[in-house]
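2 protein chains.
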Amino acid sequence: MEYIADAIKIAIEEFAKLPGIGRKTAQRLVFFLIKRKPEELEALAQAIRSLKDRVRYCSVCYNLTETDPCGICSHPGRDARMICVVEEPNDVVAIEKTHEFKGVYHVLGGALSPLEGIGPDDLRIKELLQRLQGNVEEVIIATNANAEGEATAVYLSKLIKPMGIRITRIAHGVPVGGDLEFTDEVTLARALTGRTEM
Amino acid sequence: MEYIADAIKIAIEEFAKLPGIGRKTAQRLVFFLIKRKPEELEALAQAIRSLKDRVRYCSVCYNLTETDPCGICSHPGRDARMICVVEEPNDVVAIEKTHEFKGVYHVLGGALSPLEGIGPDDLRIKELLQRLQGNVEEVIIATNANAEGEATAVYLSKLIKPMGIRITRIAHGVPVGGDLEFTDEVTLARALTGRTEM
Numbered sequence: 001m002e003y004i005a006d007a008i009k010i011a012i013e014e015f016a017k018l019p020g021i022g023r024k025t026a027q028r029l030v031f032f033l034i035k036r037k038p039e040e041l042e043a044l045a046q047a048i049r050s051l052k053d054r055v056r057y058c059s060v061c062y063n064l065t066e067t068d069p070c071g072i073c074s075h076p077g078r079d080a081r082m083i084c085v086v087e088e089p090n091d092v093v094a095i096e097k098t099h100e101f102k103g104v105y106h107v108l109g110g111a112l113s114p115l116e117g118i119g120p121d122d123l124r125i126k127e128l129l130q131r132l133q134g135n136v137e138e139v140i141i142a143t144n145a146n147a148e149g150e151a152t153a154v155y156l157s158k159l160i161k162p163m164g165i166r167i168t169r170i171a172h173g174v175p176v177g178g179d180l181e182f183t184d185e186v187t188l189a190r191a192l193t194g195r196t197e198m
Numbered sequence: 001m002e003y004i005a006d007a008i009k010i011a012i013e014e015f016a017k018l019p020g021i022g023r024k025t026a027q028r029l030v031f032f033l034i035k036r037k038p039e040e041l042e043a044l045a046q047a048i049r050s051l052k053d054r055v056r057y058c059s060v061c062y063n064l065t066e067t068d069p070c071g072i073c074s075h076p077g078r079d080a081r082m083i084c085v086v087e088e089p090n091d092v093v094a095i096e097k098t099h100e101f102k103g104v105y106h107v108l109g110g111a112l113s114p115l116e117g118i119g120p121d122d123l124r125i126k127e128l129l130q131r132l133q134g135n136v137e138e139v140i141i142a143t144n145a146n147a148e149g150e151a152t153a154v155y156l157s158k159l160i161k162p163m164g165i166r167i168t169r170i171a172h173g174v175p176v177g178g179d180l181e182f183t184d185e186v187t188l189a190r191a192l193t194g195r196t197e198m
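Those sequence lines, one after another, are chains B and G. Letter 126 of the first sequence, counting from 1, is numbered 126 in our numbering, and no numbers are missing. Letter 119 of the second sequence, counting from 1, is numbered 119 in our numbering, and no numbers are missing.
Take the hints with a grain of salt, since some may be wrong.
Treat identical chains as interchangeable: a pair holds within one or across any two.
Said to hold, decoys possible - Cross-link-like lysine to any residue pairs, in silico, SDA-like; alpha carbons within 20 Å at most:
#1 K102 to C73
#2 K9 to K52
#3 K17 to R28
#4 K52 to E14
#5 K158 to E138
#6 K24 to Q133
Simulated from the structure, these hints should not be mistaken for lab results.
Take these sequences, add in the hints, and give me the full structure.
Encoded structure:
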């Protein structure tokens with residue numbers, strides 16, 4: 001491969017390590033970057049570096065943050081008696097975008113997965129139970145709607161119910177704007193089971 | 001957006017500036033990177049930085065290189081009497097991958113585009129004509145098969161033909177493995193016009 005400069009090759013390899021980015025896309029990105037101004041490259045390189053330098057986990061909810069506790073945990077308008085349990089920090093972003101939830105979060109850092117060797121001790125479940133010693137009225141389980149997320153939800157509900165705290169699961173059903181015809185059977189079954197009064 | 005750390009927001013914005021990467025993909029990439037080891041982030045940041053520090057244009061063919069002249073121009077096995085004219089450095093990569101071409105290249109740095117205000121003086125056409133003063137037998141025009149690439153090919157051919165140098169254009173036609181049924185009319189028309197003896 002004498003026809004391609006080493007620095008370019010290395011950059012292509014680094015980009016190709018990112019999820020959903022193959023060698024062709026990586027090549028396109030690198031050749032795009034080469035045509036940019038040096039300060040634009042520097043901005044991207046610096047932004048990547050800052051992720052490790054400046055971002056850490058909130059000691060209360062384990063969301064990613066630059067301040068500890070995070071902006072949500074320290075916000076006076078948020079109701080700390082309602083905790084929404086999610087798998088990952090990007091789930092917090094997704095829920096916050098709805099502007100529907102005024103409680104606080106607890107980020108587990110994944111979901112139970114015996115196949116991948118992820119057990120209860122690998123998640124921040126102990127830390128969640130600790131938080132529940134305080135004044136908490138409801139725990140909303142918002143783990144993903146796949147096998148691992150469901151298993152985690154069931155596991156948590158068995159732990160938390162005996163503590164006398166209300167525990168709920170976000171609804172699963174037909175997506176808004178979705179066509180019944182194109183909804184898979186499992187989702188449709190869940191939509192039927194979870195039907196509500198009109 | 002108090003729910004998302006500034007460093008993460010900045011990184012998402014920087015990634016979203018890359019071509020073909022929207023906000024959702026940028027977010028996914030950033031949350032992926034946060035979970036990596038610091039040295040992996042550093043490797044990516046450093047690779048991006050190196051693009052400007054180490055890579056420059058070859059003074060002969062204007063391909064991207066770390067040595068001047070580049071590996072192709074300085075290679076004793078390459079035939080300098082045959083020059084393949086391409087728009088961009090990634091076109092060199094594409095042609096080199098075929099292992100079919102043993103000549104050298106000339107990278108124009110784009111194609112003529114009156115709409116975008118790119119005229120002959122914005123491309124390395126002067127430099128190409130300079131090279132043709134030497135011992136050159138054939139110029140192969142391998143600009144893209146779109147309007148700009150075709151216009152550039154025609155423009156170059158008008159300049160070079162009077163110099164008594166053979167000038168050719170790469171063939172356009174049905175892609176290998178392609179179905180006639182799914183080939184667009186323009187390509188099919190070109191495939192017919194460019195038919196060869198069997």
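Okay, the hints, checked on the actual structure:
1. Only within a single protomer do K102 and C73 lie at most 20 Å apart by alpha-carbon distance; the minimum there is 11 Å, versus 64 Å between protomers.
2. In this homomeric assembly, K9 and K52 come within 20 Å of each other (Cα to Cα) only across copies, at 13 Å, whereas the closest approach inside a single copy is 25 Å.
3. For the homomeric pair K17 and R28, the shortest alpha-carbon distances inside one copy (14 Å) and between copies (13 Å) are both at most 20 Å.
4. Taking CA atoms no more than 20 Å apart as the test, K52 paired with E14 passes in both settings, with 17 Å inside one copy and 16 Å between copies.
5. Taking the shortest alpha-carbon separations for K158 and E138, only the intra-copy value of 14 Å comes in at or below 20 Å, while the best inter-copy value is 77 Å.
6. In the homo-oligomer, the alpha carbons of K24 and Q133 never lie at most 20 Å apart, since the shortest distance is 52 Å inside one protomer and 37 Å across protomers.
The structure fails hint 6 only (numbered hints given earlier).
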